[in-house]
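2 protein chains.
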Amino acid sequence: MEMRRQITGFSNPTVKALRQLRDKKHRKREGKFLAEGLRLLTDARECGHIPEVLVLATTRDPHPLLAELEAEVAAAGGEIIETAPDILSKITGKDNPQAVAGVFAEFDTSLASLDRSAADIWLVGQAVRDPGNLGTMLRTGDAIGAGGLILIDDCADPFSVEAVRASMGAVFTQTIAQASWDEFHPWLRSGAGQLVAASLRDAQPYRSAPYTAPCFVMVGNESRGLPEDYELACDLRVTMPMKGRADSLNAAVAAAVLGYEVLAGL
Amino acid sequence: MEMRRQITGFSNPTVKALRQLRDKKHRKREGKFLAEGLRLLTDARECGHIPEVLVLATTRDPHPLLAELEAEVAAAGGEIIETAPDILSKITGKDNPQAVAGVFAEFDTSLASLDRSAADIWLVGQAVRDPGNLGTMLRTGDAIGAGGLILIDDCADPFSVEAVRASMGAVFTQTIAQASWDEFHPWLRSGAGQLVAASLRDAQPYRSAPYTAPCFVMVGNESRGLPEDYELACDLRVTMPMKGRADSLNAAVAAAVLGYEVLAGL
Chain A
1 MEMRRQITGF SNPTVKALRQ LRDKKHRKRE GKFLAEGLRL LTDARECGHI PEVLVLATTR
61 DPHPLLAELE AEVAAAGGEI IETAPDILSK ITGKDNPQAV AGVFAEFDTS LASLDRSAAD
121 IWLVGQAVRD PGNLGTMLRT GDAIGAGGLI LIDDCADPFS VEAVRASMGA VFTQTIAQAS
181 WDEFHPWLRS GAGQLVAASL RDAQPYRSAP YTAPCFVMVG NESRGLPEDY ELACDLRVTM
241 PMKGRADSLN AAVAAAVLGY EVLAGL
Chain B
1 MEMRRQITGF SNPTVKALRQ LRDKKHRKRE GKFLAEGLRL LTDARECGHI PEVLVLATTR
61 DPHPLLAELE AEVAAAGGEI IETAPDILSK ITGKDNPQAV AGVFAEFDTS LASLDRSAAD
121 IWLVGQAVRD PGNLGTMLRT GDAIGAGGLI LIDDCADPFS VEAVRASMGA VFTQTIAQAS
181 WDEFHPWLRS GAGQLVAASL RDAQPYRSAP YTAPCFVMVG NESRGLPEDY ELACDLRVTM
241 PMKGRADSLN AAVAAAVLGY EVLAGL
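Listed in order, the protein sequences are those of chains A and B. Everything in the first sequence is counted per the UniProt record's numbering, starting at 1 for the first residue and increasing by one. Everything in the second sequence is counted per the UniProt record's numbering, starting at 1 for the first residue and increasing by one.
The set of hints was computed from the structure by calculation and includes no laboratory data. Watch out, some of these pointers could steer you wrong.
[Said to hold, decoys possible] Within a straight-line C-alpha distance of at most 30 Å, the following computed DSBU-like cross-link-like pairs (lysine-lysine) qualify:
(1) 90(A) - 90(B)
(2) 25(B) - 94(A)
(3) 24(B) - 94(A)
(4) 25(B) - 28(A)
[Stated by the list, open to error] Calculated Cβ distances over 12 Å to all of chain B for the following chain A residues:
(5) 3
(6) 14
(7) 186
(8) 221
This structure is a prediction, so every number in the text was calculated from the model and none was measured. In this text, a Cβ means the ideal position worked out from N, Cα and C, and glycines have one as well.
Work out the full structure, taking the sequences as your base and the hints as a guide.
In structure tokens:
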């Protein structure tokens, strides 16, 4: 199609601008983020998210879904760029780049816009620092039918390339909210909601614990876990077996094991 | 102590040799791997693994466990090196290095040396490519009381810095075996063992499925899942709810959700 713009140089300013979206400061200033891969972009499209910029590798194979995507981007007035795979690799920071990437506007992540009645389960991450863990929590949330992921305090950026990649498209299907504890806690108590966390304090076994919807399943920071007062603010504290030397699970794993148990128990 | 060797230069050959342990080729040639952090090295020590080389940051705080570790390394004839934190950072590839790192001899990972009667649960990863996922599976294995992790076909290296880090010490507590499917499958059938995988083929719900010990919980490659013939070779295929758009979980998450269910069901 004639509307595709060809970019051949690494030093092209558009390449530089796209590359900078790997950097949080630039993402926040621009209000945009990058997502790669036809599957992910198709998920996005089916959830109503059309990229503002579509970047195609010259080496891509033709695909009907890609043609549909390109047509929709063009129809929405978006920009379509065609470039060499090594330039696409430089943009996404991935050695073996996908054949397509898109630039999306970041979503509204205010707690006020979250409708808690939209789902029975919500995941809550407190100071989760690893973008891969955040993305994996989004992916798990999608699988268990959660409404979304609420990020409390100083979490990694859910719109980082790493988080988007690990989410496997769930960044587009899950509602994402960001808030401090001092915003989240009063919001939670302003309506129905059971706050649940894994804990060693006055806790009951996680299997067959009395989960109720909407259930907010909270996991804490990778190194420090949850602050004590956050745990004490929970309606339900549960323990998972720890048969070995370790006293904790990976944050995304804990969210998943607990999330699947809540799904079975509701 | 006078036996500590001071290293002050980035170009020191010992620094170079230690740094090269981040590279798989060098690890395999040397038969050694790196692990960082006092907690991890203490776990190792309590499991009977003393580092051959102990690297201490000059900026470390004194700690009784560190003193004990240092004494044991010295008693075992190991080498003790003291160096600046930025050199330690260069060795481990981590921006904020731990105050201590150790070099360990790699373990025997032959299937023949694995005693299946030592535990009721074993995790099996097939072509798991992400070292973080491997390390997380080791960590989960420790938590559910698994005997260890069996790596089938072309997996990431469990002795990579990333896998060791993600294992949170479980690399020292879990037995690790590496084998091809053509080695693993006859070995499995040469004794008691139920092979279980998540699957969409002729599968039953994962909750309350008839798990029996020793139960081998297998997950497949991050992109492709398990080959069809591997799934068909399973004694039990189970499904986990997938309420959203995604049709799979992160490999380490799938292993954990299934592993915890097996633990509850045995």
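Status of each hint after checking the structure:
1. 90(A) - 90(B): With a Cα-Cα distance of about 24 Å, the restraint between residue 90(A) and residue 90(B) holds, given a limit of 30 Å.
2. 25(B) - 94(A): 22 Å, holds
3. 24(B) - 94(A): Holds. Residue 24(B) to residue 94(A) sits at ~20 Å (cutoff 30 Å).
4. 25(B) - 28(A): 40 Å, violated
5. 3: The claim holds: residue 3(A) sits with its nearest Cβ about 30 Å from chain B, beyond 12 Å.
6. 14: Given that every Cβ of chain B is farther than 12 Å from that of residue 14(A), nearest at about 30 Å, it holds.
7. 186: Non-interface label stands for residue 186(A): nearest chain B Cβ at 29 Å, farther than 12 Å.
8. 221: Since the minimum Cβ distance to chain B is about 14 Å, residue 221(A) lies beyond 12 Å and the statement holds.
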